[in-house]
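S.K.: Each chain, letter by letter, is given below.
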Amino acid sequence: MTSSNYPAFSRREMLKAASSGFGYLAFAGLAARAAEQSAASREGPLAPKQPHFPARAKHVIFLCMRGGPSHVDTFDYKPQLSAKSGAPGTRPGTKLLGSKWNFAQHGQSGLWISELFPNVANHADELCLLRSMQTDLPAHPQAFLQMHTGSFQFVRPSLGAWTLYGLGTGNENLPGFVTLTPPAASGGAQNYGSSFLPAIYQGTRIGSDNRPIASAEIRNLHSPLNPDVQRAELDLVQTLNRATLERDQFNPAVEGVIESYELAFRMQKEMPQVMDLSRETEATKTLYGLNNAATADFGHKCLLARRMVESGVRFVEVSHGDWDQHFNLSKALGANCASVDQPIAALLTDLKQRGLLKDTLVIWGGEFGRTPHAQGTDGRDHNNKAFSMWMAGGGVKGGFAHGLTDDYGYEAVEDKVRVPDLHATILHLLGLDHEKLTYNYAGRDFRLTDVKGNVVKEIIT
Amino acid sequence: MNRLLVLLPALAALSATVATAQTPPSSRSVPAIDEGFKRVDANKDAKLDAQEFARFIERSRSMSGANAGEVFGKLDTNKDGALTLEEFRGIMGLSRGSSAPSSPNPSPTPTTPQPASTQPAPAPRTAEKATTPESLAFFERKIRPVLADKCYKCHSSDADKVKGGLALDTREATRAGGDSGHAVVPGDVEASLLIKAIRYHDSDLAMPPEKSGGKLADDVIKDFETWVQFGAPDPREGESKAARKADTWTTAKEWWAWQLPKKSPAPKVNDAAWPRNDIDRFLLSALETKGLKPVGDADKLTLLRRVTFDLTGLPPTPQEVSAFYNDNSPDGFKKVVDRLLESRQFGEKFGRHWLDVARYAESTGKDINLAFPNAWRYRDYVIAAFNKDKPYDQFLREQLAGDLLPATNDKQRAEQLIATGFLAIGTKSVNQANARQFALDLADEQIDTVSQALLGVTAACARCHDHKFDPIPQSEYYSLAGIFLSTDTHYGTFFAAQNRSATQLIELPKAAAAPVLPLVLSPQQRQQKQAELDKLIQETNDLANATFKPKAGGERNPRGQLLLLFRMNQIGLLESELGSFGPDGKMRPLAMGVMDQPAQRKESQTRGRDTPRYENSTPDQAIASRYLERDGRFARPPEFRVVNESPVFERGDVNKPGEKVPRGFLSVLTHQPPPKLPATSSGRRELAEWMLSDGNPLTARVMVNRVWLWLFGQGLVNSPDNFGTTGGKPANQALLDTLAVKFRESGWSVKQLIREIVLSHAYQLSSTYEEKNFTADPENTLVWRMSKRRLDAEAIRDAMLAICGQLDLRPRLGSSIAEYGNGPIGQFQQYPDAGVPEDVLVEAGSRTAMRSVYLPIARELLPDALAVFDFAEPGFVTGSRETTNVPSQALYMLNSPFIASAAQKFAEHVISTYPAGASNNDAQRVQFAYGLVFSRSPSEAEQQAAADFFAKFPSTTNADATTAWTSFCRALFASAEFRFLN
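Those protein sequences? They're chains A and B, same order as listed.
If you count the first sequence from 1, position 441 lands on 441 in our numbering, and the numbers rise without skipping.
If you count the second sequence from 1, position 727 lands on 727 in our numbering, and the numbers rise without skipping.
Chain B on its own, in the form it takes in the complex (with noise of 0.2 angstroms):
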């Protein structure tokens, strides 16, 4: 018999007071357990360590033969291996049938039993042994865990195909058996087809197959006959997806991401001459050990162009390619990404990567696609805080709570209100009649960011239920939702027919001096646009108040109501159009952001009433009172005016709200004991804290795993927005948990951290193609080479803009969205006056010069010369763009007007360059062309090629010259050489 069996009697009896008050088996105290914690406790930390407990084993004379390191190993729940009285209890759980013993977080028991099979379970053969916590015991240990590992996969109801209709994960299941008879019978060891499938036997029932590690051993079959003689004890009722749902998170919770980062030291390698720091070390041993060597290093020019465009999104200049080519000193290559982290071009370059992760937008997406005009000052925040190296816990500290930190002037308090814009630029449905539906839905689309963007999990997932593949329960999300409910978003948008949902803007303090369009309302516009609000505002009460009256003969006139919602409209707009203007004329300091709802709800907002008067009246009065209530008092149910604990909503359904839960942060990824929240403010400052503690295991990871993917084009974990069991693990974990540890240590500097990958060797790998590495590591994650990757969009534009000399460097004021104010996106004839124009945002990349990062963004309505070129869905957070190469670019290549702006602006460049002389000239030119474009200089046979071309274009006139030569350079922006950094 195995050691369990006697294990257990002693377990029983530690546990029999429990048993028989029918107490869960938590943190419930009980004297004799607690006194046995103490006494083993010999350094009185609170703790048992290893050693500790394995004396109280040995003192226990009943448990002395357990394997104690294997019971400890269950009891240490969180894995930091010591276990708390907590967990010490946990001892009682294990006899209870409690797969996880005292779970913090225990997952819901299935209440419902399945419905009846239609094979009746048959009766045990033999009297059935009372169900003991002992026997259940038994099967948590040692039958539970084979059966998820070896059989779920095919007889379990959530398998691909349930194999000859057997599922076993369910006690009903298991005993009624599948096509061939009952797979168990209790008692009845001979009768049960489990049995004789797992003895292997009958080669027409032997289990598992062999692909799935064939026999099993032969205690373990031992096991299981035992556990059926002793009558097949089995708690698993009910759904078997919630059975199967307690053994993936059994198994989920050891996934390496919920565990802490741990440093290593770098590994010693074989080739001690080639790492020039630790990530080589990391990386070339890992490459060692599969018997690879990286490639060679990349030439010079190579290197150059890659880090420009790596670290700016620009090619590098003729002199910055003349200079470092020219220089020779050691340091060479260390004072160019010095002055490249120096230059502003990097904060917009970065900041956009930033920009893709916060899913930035100057709309709201959605159903009714509104301007956001005052977004931009989020992105500008952005580019701003990657150029002055602002530390990345102080980044994340201001996107969540920038509104309850500290300031210690009015612009730094600017900055960190604007910095909130981070959860206010979200996709929203402004037309969602329902106000408790909108509150949830817009507290998911910051909690799902949040989530993603900061900590690389999908919590969004359990917004209806609990996770499916991540320790997440749902109570733990609605703990979440309870901070982001306490929470005020102000996003804007004005009031209008299908916006329900409008909010003020934050006005930003006067002394912060924050930049404003130089828009201007004079005094006379402001009287007279006044003056016809307060016309339309008369005529429209008169309008809305005449639903209320007795109907004076008739139906009403159906016009009526659509004149109505015309005139919110106008009314919206003119009052958003007044507000957005100061009393001097000048535009207001308006941003996007968060603040906290009051402690305390204040009665005077609802004037004591909490819905809107008219709720069950006409449609035409159910406008009418929208209209009239239009200050946005119903806007918002009052249980989230207020900063308030959110109830679990059954099924995500707002209308069914359960029992609150307090706010509070995800378990899985708490190691220290989190930030107490406050009962007075929302808790985003907490949430900020609970992130960035030494006892978060993700958010350092996730962030070095985005700064390695915006430089190796593919991250070390390569789903960087899910770091759950259904993303990916990553390719050399030391060297990504070493990273991360050091960069909290560094004092989150991202700038520090981009100079030790672009100062590593492994980042100045040429691109080459080598076999053998190839056919063992294709996708390259082990980074035995650079990877060849595509430009993103804007890179691309502003590249083309640069080498035709008409890039424009300057930051851009706001935007084009900016400037139409508030409107829809798109001009539509119930929004007379307003909206933003189609072709000024589709066509936005080939009307100015500016950089790509200023173009204006409206969801659904990309610019064309990025949308083109795969650029991040802004309705979600994009760690990692696509690459496509479809015609449609090949035909923007071709065709556009832009590009054929571009390369005539190109050739004009390059002939007055080298203007037309007494000799030809040409070679010179494509000299020159070759070094703007691809940062090098042409072949002999490219130099042939070119002439071939232009020999096919005799050109006698300068129009002629021109347009070959605007041939010519489209050729070469049209190249794939341009468009791929090696």
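Chain A on its own, in the form it takes in the complex (with noise of 0.2 angstroms):
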């Protein structure tokens, strides 16, 4: 194979082979530029912005126990549900059935909350408890993608990906936006994507989903090269990129490409501390269960969580599953609370002690709740009328509850909360306006509550 059976272009072709007017000059003034840019990369698009107001909470932590937890068990107390046990429910052929746990106030709030939790009891008074959420749909992969991204019908861009387009990032040397052990099914990576959005808000996943959180790694993140000769060959890899870039004129994915190499480059020197435990102490290793076969995995998630938002991630999710309990209620949803329970108690504790809590807003919930009537003899269907979720840190109301259901928890009646206000909720607290964080695609401004939200205000401390 020789260059002689290769067609070689004149500089004239090769331009209309490009199908632009791009040429030398062009091209040697983004080589320049490139370098320019890797040489003192700051004021990306993951650079650090003003929010609208001043915010009450800097960083999310968004616990995601996937499949939809039963409130009923959980938060929401409902004796005259255990009282009318056996009894009718509401649809045809079905019987309530009464919590097998016992509830019990805690704190000084005097906060009700099942024996299910004894660790997060302890923290009621920074707990505040949403009791009247209500979703949509009462199907999994749709109420997770609305939980997600405010839309189902539609491929839109996640709650993390709309924050960090809103608010940047503390730290460009690491993603500001990292999803742990998201679920490949429920929309998949559409859950954590960027949509329409510039590609680098997108989240980086670590770890998938029914694998320990252990094993998981971010894979090739130590170069083979020292960082001069790196930086050289990336510089050049940019230098195409952006031709490229400006032959297409638009097209957002180059730039992600473009984006996501310099957060590589920089994340290879920062992200192995932050994923490497071994400089906690004995002490905190206990405190998040991770001595302990049924709390160790969802113990290091929570522990990576508040080593990112310490050392400035913006958005961690970390994921659960699955608490899909349409039987076998009694055994696995026991067996769900005790591998997370310690490890949320640990990590209120852990955020506050570091006093990053009032900085940071922790999120527990999943994407409905379930019936109050039996599926089955020991299992409860999905209800979307119904849920509940609750916050802690980050200028929300300690010991507090926002929003009844009806006597069996069936369905939200006072002070609904449903996902549009949920979101602009908790973008108010970062100081952001739900109705301004737009973003204008195909010719209209785009928000994650679209049309929908309320802030809910009475959270708000």
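Note that these hints are calculated values from the structure, not bench results.
Predicted, not measured: the structure shown is a model, and the values here were computed from it.
Mixed in with the good hints, there may be bad ones.
Stated by the list, open to error - Okay, derived cross-link-like pairs now, DSSO-like style, lysine-lysine, Cα gap no bigger than 27 angstroms in a straight line:
#, chain 1, residue 1, chain 2, residue 2
1, A, LYS358, A, LYS436
2, A, LYS416, B, LYS163
3, A, LYS436, B, LYS751
Relying on the hints, combine the two individually framed chains into one complex.
M.R.: Pasting the structure below:
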């Protein structure tokens, strides 16, 4: 194979081939600009931005319980349901199923919390319960997507991507939005995607559903080259990429490639340190339950979340599944709670003692709740009309319960909080006006909350 | 007054007998009605067309004022433009409050009334007129549609926000009203706030709001007043959700995808010179309607790179580039297309597309991830099918029912059996303790895959309840389930402590000479392993039987239980290993697939018992009995060991079987009498024929849309696996439908369809940005240019291997998972000497140079080289992959040993092609490298950038040069241009 059997092009042909007037001068100019940018890459798309108004929270940790945790067994105390257990439910042929777990009041605030969360209950006075959550559909993929992106009909940017777009990140050497072990189902990567927002805002996934976090790594984080040589190589890559972008005129995917390289380059140094738990004390590891098989995995994730927030990551999502207890409720729900309770309590304790809780909004919840009536003998079906979430830190009232469901937990009846309201509130706490956080795409300004969303002012301190 | 009220007495008279007899308005024969039908059916074709029906209205004295067209439209439920007698009988239904007269599948009527409202419904002020059939019909025709269209969005229990606390979707709720008071007071127009609101006099109350269309038409308002005056008859009892569903379904039945596709003549276009075929005429016409024009053509080399990657997943070789560049004949491009379609690489590329749809993988996934060591046979079947252009109808038929099709020889028989692997390779929870649950989950996975992959509908949504959005009743889900429950799925795996669901595989006929892995079990090995197994079984039998003996003193040793579990694994693995070799020591030709259950149950199967002997025993006895009865005789509940109908399981609960439903198909997709289902076989063959019949609106459309998506990057329908009402509408329905009908008429040839698309002008457009077009159609749904697309994971890897001269184009026999045989994915203590090591799977992409389609695909442990670039998630049907651009990809390109090695091989290839000489030959090398990676020459600017780069790495030795060139070559691989198709 030699060059003789390969067509050589004149410059004119080359320009024609590239379908644009891009020439040497432009190329040279770009190359210089690329070098400049790589030398001092500040003011990138991830640089910190001013919020619309003073923020109550600077970081978010979303503890996402995939599958729809049962609210009536955890955070929504329903004595009537227990009293009428076995009586006919509102749906024909169903029977009410009282919770198998006892509830008690906790803290000064006296919030009712089930015995499934003994450790979290110790933080009752930090918790802001949202007991009147509602979402549109009782189906996992739709509800999960709606919780993460506001829409299940269209591919839309995720909450984390909007947050990053609105605020940038505190540490440009780390991804601003990290998602730990997200599920591949229920919308998969859309749940941390950037859709029409620039690709750099999409979440960086670490690990996958059903695989232990300890075995998850960010692969290929270590360069075989010395940093200068690698930078020179990367400069060449970016020169080529910018030329491609120039020719394409408009190509968000190529922009995404360019930015992902810069971030990757910087991550090489800082990410291994964040992922490395060896510098944590034994006391901290024990606090998070790393020494216990039941709590080790989620404890590891929670500890990573704290380390990331501490290092400046804007939005961390931590997934746990599976909370879809159609049957085997008594065992499976118990086991789920046992595996997350201590780590979550540890996270709250740890954030607080490091002075991070006031700036960090911790959110707990899943995509919907479950029915007060039984499915089979030991299960509950999906319920989109009522579910519970809670928040802590970051400007929300502690020891506070917002909203009510009916006597059995079928449906939110007072102060309903729908997903767009939740999103508006989260953005509000971050100092962002959900109606002003827009992105113009295809001639229209898009919002996370579309045409909906009311900030739940009652829960804000 | 309006015409309908004039019509009402006539209907009432017609339906008098029915009303008093309390018979549902279905196909019940009423002499007067049937008589009338016969009288006007002038041409005696047992159908009334619109004219004949109009004559009926004319002749009927009391109905002469009615709008025949409107009534006809209501009665013609399947919208075929003719009324059958059954549809005609629905005329009675109009008077009985059924919104869908004589629907063949009436939606279940809610039976439980809504819990009493806090605000008691007021008694009518004037004596409420009795609810009569005619008044209910008035409600159905005039009131309900307006409520559903204009009000439910904000005023139903399923609304995003129930505004003002007012729901209008049940009678109770409507009368109770909302925050402001009673919406409807029967008989009292002035006291009914609903009337006040729609009259629009009071600006605080005025409804519907402007954004919903504002004030209703005056005659509609009059209708509402009339309705209230007559006592506001309202049949909407019970849960508002059920009421809403009926309304949703009525609208849903008119959804485009349920109607049969019709071929349209190619539209006239202004720019007659532009189109090269009918595809172009459809596309251009739509563009012209919007005042848009397609961009210019792609240049030759861009086009060659595009079509070569699209059809083979590989870059064009320099020779191919050169040949096409110098070929100025008018059919130069056509020759390229023909060459690519005839190459074996075509099947590897398009076969892989299908494997995404078929959720192909070589392990069970889920909680206990066990290998499928014979799944690769299905993979190879799919590749071969695309290569030989097996007609799609035959392809579909074989995958659903290959075991039931006639075969002229054993080779064909083997091929057809392997095809049914489609139904066997899905995810499975093999540790499921409830055999009935497992059987139903297995059928559910099959229904989910089959309905999404082949029909573009989400039928599995109807497992627990009627489909929320599409007209698929739960009973029809179980009609399909009956077909799959009457099917015996052979997916293999081995008996183990955590596997309660192992099955046998299908042994292919010897004469088919199906290829097998070249592994051998020598007679000595067999003897030794058999002896080992015999000894284990002897010991374990003792251990198991001991659990049933009276305790010899105190608690049983818990370690005994563990040992028993461990022995079960050992025995299962040994049995499966011995079973995979024939007496000649060679591997047996085993395949995954399905067969029918027997028509009649063999009593010997369970030796007269339906349940395991020790079901309700102590935990260790339960384990012991699982071991002792490990031949699988209880792995499936008895009712599913025979061709049988399935009960409807209430809310999908396996413990709540209801009425059995006959096996059958989805009525919303049935426009012709469906095939009869035989009592003696599962019905999969008939299922295939139903899908392939002219009366099925989706099968051809769905496949045409997939092929379009594989070539344009997005489908004409942008939700390729969901054509239901929650999916998208086609960007160009006339084009989609015409292609679909032609696809069927042309004998379902996929290659012919591809050829037509690729030879269209549209496919050959440049991907240039154009502002006006972009503003009007940013998603490029109208195809004003070629969309820029990222290469898929396989193409990125294969192209790098091809460029550095390492790609091994030979097809791979089997897969690395096959070499390890039965066992878990990963290696674990409890499975001694078994299991595929994780690194073999994750590192597979960098350890071999075979094409990516042959890499091992274990669920949860995909090859890193594929996972990093958004490989299809093999847990479910994937019609369209994600394309992300994330740092993990950047890190992979910069730092992975695989890229380093490929870049080095590439560098060595470049250097050896232009060895170091007296003069600097970097420019020639750059030229050569650019040609291989981008299929074009570098510009002067790019040559300069390369020179600048090499200036930073002065190379005095050969090793230095290789290092610098490795860096350069890696940069080319890492560039966005390499990864994208223009």
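S.K.: A separate judgement is required for each hint: does it hold in the structure or not?
M.R.: Going down the list of hints, with the structure as the test:
1. A:LYS358 - A:LYS436: holds (25 angstroms)
2. A:LYS416 - B:LYS163: At roughly 12 angstroms apart (the allowed maximum being 27 angstroms), LYS163 (chain B) and LYS416 (chain A) satisfy the hint.
3. A:LYS436 - B:LYS751: violated (51 angstroms)
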